[in-house]
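Given the structure of chain A, go ahead and fit chain B onto it with the hints provided.
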Amino acid sequence: MSERVLVAKVGLDGHDRGIKVVARILRDAGMEVVYTGLFQTPESVAVAAVQEDVDVVGLSMLSGAHLTLAPLVVAALRERDSNIPVVVGGIVPGNDVDDLKAAGIAAVFGPGASDEEIIRVIRSLVSPVE
Amino acid sequence: MNQERAYDRWRRDYDAATLRRPSFTTMSGIEVDPVYGPPEAEFPGVYPYTRGIHASMYRSRMWTMRMFAGFGTAVDTNERFRDIIAAGGTGLSTAFDMPTLLGLDSDDPMSLGEVGRCGVAIDSIEDVRDLFRDIDLASITTSMTINSPAAIMLALFVAQAEERGVGRARLGGTLQNDILKEYQAQKEFVFPPRQSMRLVRDTIAFTAAEMPKWNSISVSGYHIREAGSTAAEELAFTLANGFAYLELARAAGLSVDAVAPRLSFFFNAHIDFFEEIAKYRAARRIWATWLRHHYHAADERSWQLRFHTQTAGVSLTAQQPENNLARTAIEALAGVLGGTQSLHTNSMDEALALPSEKAARLALRTQQIIAFETNVANVADPLGGSWYVEALTDVMEQQAESLFAELLEMGDGSMLEGCIAGIEQNWFQGHIAESAYQLERSFNRGDRIVVGVNAFTEGNEDADLELLRVTNEDERKQIARLATVRQRRDDDAVRRTRERLARDAADASVNLMPALIDAARAEVTVGEMMTSLVGVFGRYVEVPVL
Chain A
0 MSERVLVAKV GLDGHDRGIK VVARILRDAG MEVVYTGLFQ TPESVAVAAV
50 QEDVDVVGLS MLSGAHLTLA PLVVAALRER DSNIPVVVGG IVPGNDVDDL
100 KAAGIAAVFG PGASDEEIIR VIRSLVSPVE
Chain B
0 MNQERAYDRW RRDYDAATLR RPSFTTMSGI EVDPVYGPPE AEFPGVYPYT
50 RGIHASMYRS RMWTMRMFAG FGTAVDTNER FRDIIAAGGT GLSTAFDMPT
100 LLGLDSDDPM SLGEVGRCGV AIDSIEDVRD LFRDIDLASI TTSMTINSPA
150 AIMLALFVAQ AEERGVGRAR LGGTLQNDIL KEYQAQKEFV FPPRQSMRLV
200 RDTIAFTAAE MPKWNSISVS GYHIREAGST AAEELAFTLA NGFAYLELAR
250 AAGLSVDAVA PRLSFFFNAH IDFFEEIAKY RAARRIWATW LRHHYHAADE
300 RSWQLRFHTQ TAGVSLTAQQ PENNLARTAI EALAGVLGGT QSLHTNSMDE
350 ALALPSEKAA RLALRTQQII AFETNVANVA DPLGGSWYVE ALTDVMEQQA
400 ESLFAELLEM GDGSMLEGCI AGIEQNWFQG HIAESAYQLE RSFNRGDRIV
450 VGVNAFTEGN EDADLELLRV TNEDERKQIA RLATVRQRRD DDAVRRTRER
500 LARDAADASV NLMPALIDAA RAEVTVGEMM TSLVGVFGRY VEVPVL
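Heads up: the sequence lines are chains A and B, in that order.
Per numbering that gives the first Met the number 0, numbering through the first sequence is continuous, rising by one, with the last residue being 129.
Per numbering that gives the first Met the number 0, numbering through the second sequence is continuous, rising by one, with the last residue being 545.
One or more of the hints may lead you astray.
[Unchecked claim] Derived CB-CB ranges, DEER-like:
id : chain 1 : residue 1 : chain 2 : residue 2 : range
1  : B       : 447       : A       : 27        : 47 to 55 angstroms
2  : B       : 443       : A       : 126       : 44 to 52 angstroms
3  : A       : 100       : B       : 472       : 20 to 28 angstroms
4  : B       : 460       : A       : 126       : 43 to 51 angstroms
5  : A       : 103       : B       : 545       : 23 to 31 angstroms
6  : B       : 447       : A       : 97        : 51 to 59 angstroms
7  : A       : 100       : B       : 300       : 53 to 61 angstroms
8  : A       : 42        : B       : 443       : 29 to 37 angstroms
9  : A       : 43        : B       : 424       : 45 to 53 angstroms
In case anyone wonders, no lab produced these hints; they're calculated from the structure.
C-beta atoms are modelled at their ideal positions from N, C-alpha and C, and glycine is treated no differently.
So that you can see chain B by itself, here it is in the shape it has in the complex:
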């Protein structure tokens, strides 16, 4: 596509777009253009999308303010969800507790002390019913941050929605379902990598066929960065994982264009403002280029990288926690100037505990101030053309490309095999640990200042914030809820559906989603479904590197 046509294409799409307001002006009344740059420049909404995936960007629609929440029992989290919607939140994002993330029931001995602590405890469809009670599932989109048991959680969600008369085709949302980064960074794995990838394949195929509004995977760099990677490593590892999922789906007989538009991405917004913006710009350009020229996608939607952003939890400090409001605001602004589709802002108390209600509200207010007071959303890619940002964008792209080359070599030309080999050989884990160590060294030497930690510590002794306290009471309550379900359900149906699940798991040509939905309806617990699958798939044990 030549440059002149990029402008024409942008103009046509922009003129056709519905806008939030008839005109956009600065506070002093100066009318501003939708995008700036010479006619031969790149334009938003036009390949390679460096400047954004939509021609009109936030002039048509603000990003989704999607706040991640979950603690205690499903009843508690449902209340928090309804508060978020009432406060103007436009999407839900479910945080599950550790046992749920690892597919353990709340009454499992390994769950001790963790039930309802880092998120909501989900043991069976009964908990999912309470979690979404009185929430309109056909209008609010729901993101579920879960990986090893992602297929199980999708089955529970579908079964629950259908009980309420909302068909699966009407459900909009996202399953994180990004298992590769679990082995690389977040470490909530259960099955070995290849068996996990079979479950991912099944969810991709199922949602492609039956859930047109559902994003099957949120390919996540967030955790890779939080685990210590550099910005370029976050970028490269995440996109490589995205390519791996495409190759997985292609091997299962799905076309790239059937799958790529359902992949979304999830990036970190760390504190180095311009580097982060460059990272998002490079991500869009790399994805578009590879999808078009390497994977031969024909549908433009396959070329467009959509992403969610979360501010960096790891940048927050326990010292003078109110300072975290400023950090989060700056990071959120980077996400917006980088063209994010949705955003979660961390609460100021997250280096200390799960967010209190007040801290969570302040975090949402931070987004609303950026969206509605600052006018930064009036112009697409306002930093495009900045010599600094353009140069950084190029460096990000080059660094990512050289990491891709290493992975392709490990995988003998296959990114899927490269990613699995990289996990098995501790290549990703080694990179991440080394970068984390180097960063820590630079803080400790004082080469980098962290306000309140290694400088400007006056005020560190001030009174603590009011923190959310999750007590063991929730654990007892949840175990009692689970006991009720176990007692009242039809044991024959449980046995029958679990047998089918194990049978289907043993045959790699079968899609596991129907068996999982059946089991969900029979009130089989998450732990029981996982146990049935572990019986066939086995368990992964990491050999850690130091």
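The following block holds chain A by itself, in its conformation from the complex:
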């Protein structure tokens, strides 16, 4: 069974280089990947994640709004009784990682995270027994 991942851009941030590259890397690793496109709201991401029945939601955030927007995505999922884990990748200063984790973000990938690390962490979130 292959993992299903929704990758999403929330808010106004148009940087889509990273999310497209990561989407292809995850596909290369055998995962099924759905990309929302730009300018999504936390609600639209949660709705899509539930509808698509994905295993993980990946947010790509490079504009500095991660502390505001990422927790809203988690909240929107939990409001829909969904426990789908949410991971964040992008420009996230080290100081913000703990805050994001406290807000329910399962993992954070900063600049320079390797392909292997992203794949490994996502797999471990889907099958936590590992």
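Frame of chain A, contents of chain B only:
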């Protein structure tokens, strides 16, 4: 023009130029020539300008050290602007926040978390007043990096300057206003491509008629490269967009010579030193050749490609961020050896956050070291004649020409139609995504080394830099500022000017700038002007390709 005459022409222009110093020597006192090469070589300031657009290049005038800045409220950014001028910066470059770039007011629900974060928040003319307070608009040139709402920002700037008694004809600066690359790479679009191009047409026509010192478009490859393209793709897509704007203006009845001298370019300076230098040299040669022979421009200024350079943000690493100082210095040097007219150097902390004041100062100091300590500015095109650089320049040109051929085919002979078709068919976006993916693969396989990332990682655990923190406090402050404006303005004037704007927008033969300036004076907000325009133009929704 035969080769002998190229030398003569260069000699005449060089002898007539005003120089910064009577003579130029190496550190050890050896007198150096303004340019090197055999008499039959190409010369700077002479068509096709491969070696630079001025005969005397930096011997007359250094490049403009134009540092891009903006965060928080207009009051905060005004302070940073004044610091830059005090530190010896010679031009301003405004970074706007995401809501402003997308034409949303700070109190719009979609703006949540983004206000003042990536740049300064501008909601109305009141913010523009504060942004340029105590800055001499007639002597400092101002660059405004904005695209979808570019016409609105120009209207706000003109209205504000005229309130202060500085007429529009005296304003010098540049509007980025390059909407094509938004669909291709940067993705800050609002209207569909053709409606956006109508606004671009209006700004070109308005500035051509009324703002002789203003550059109407900064045709930008920077974002195309940052989004993942190769150097040749950056070169080709950018120049193709430039040709498209010329065709747009020509279709509106303007002559190529009325428009081309007001287009400037904006390129990336990435880390592959010689490839970048070759790219700038090829850019000048291609532009000159096409303008002269394809678009039949008669004015030499139309043939001359002027460009701004910014070092590559994407080359910076979050690991051992101090290493970024070295990367930026090397990239900046490529820009200078490539003959750039102005330069922004990135701060070492930009893979982590917006630049701190100290990091921004160090970045400017990097340019000053290149300009004033290294003596590299003493000789024009010092790498001209290098077998390697000349060969790379030719390859860049050939690769760009073959991409132009594909675009012309898509556009049935029109570069304007080719660029729009290329956007609609995801041709540009597909090229860029594929190149980004291939580059990432090469890093991941270890074929390319990035110091501190996939090699030489000792020191990665060192203490973090002091970073600039933009808090949500700025968002609250800005929303309160906007509320004050909304409360005190004349609602009738707002309604009247917005109605005129919608009316003018519906008639494609009308230039929208007068209506926008009227609305700016009535303190109509950026978001309100955009909403009025969206009502007529509609919105663009990208169908993404993976």
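Right, here's what the structure says about each hint:
In this structure the supplied range 47 to 55 angstroms is violated for residue 447/B paired with residue 27/A, their Cβ-Cβ distance being about 18 angstroms. Here the CB-CB span from residue 443/B to residue 126/A is close to 23 angstroms, at odds with the stated 44 to 52 angstroms. Under the hint 20 to 28 angstroms, the C-beta atoms of residue 100/A and residue 472/B, about 24 angstroms apart, fit the expected range. For the pair residue 460/B and residue 126/A, the supplied restraint of 43 to 51 angstroms is violated, since their beta-carbon distance comes to about 30 angstroms.
For residue 103/A paired with residue 545/B, a C-beta distance near 27 angstroms keeps the hint of 23 to 31 angstroms intact. Between residue 447/B and residue 97/A the Cβ separation comes to about 32 angstroms, which falls outside the hinted range of 51 to 59 angstroms. At roughly 57 angstroms, the beta carbons of residue 100/A and residue 300/B sit within the given window of 53 to 61 angstroms. Between residue 42/A and residue 443/B, the C-beta spacing of about 34 angstroms keeps the proposed range 29 to 37 angstroms intact.
The beta-carbon spacing between residue 43/A and residue 424/B, approximately 26 angstroms, falls outside the hinted interval of 45 to 53 angstroms.
Checked against the numbered hints above, the structure violates hints 1, 2, 4, 6 and 9; every other hint is satisfied.
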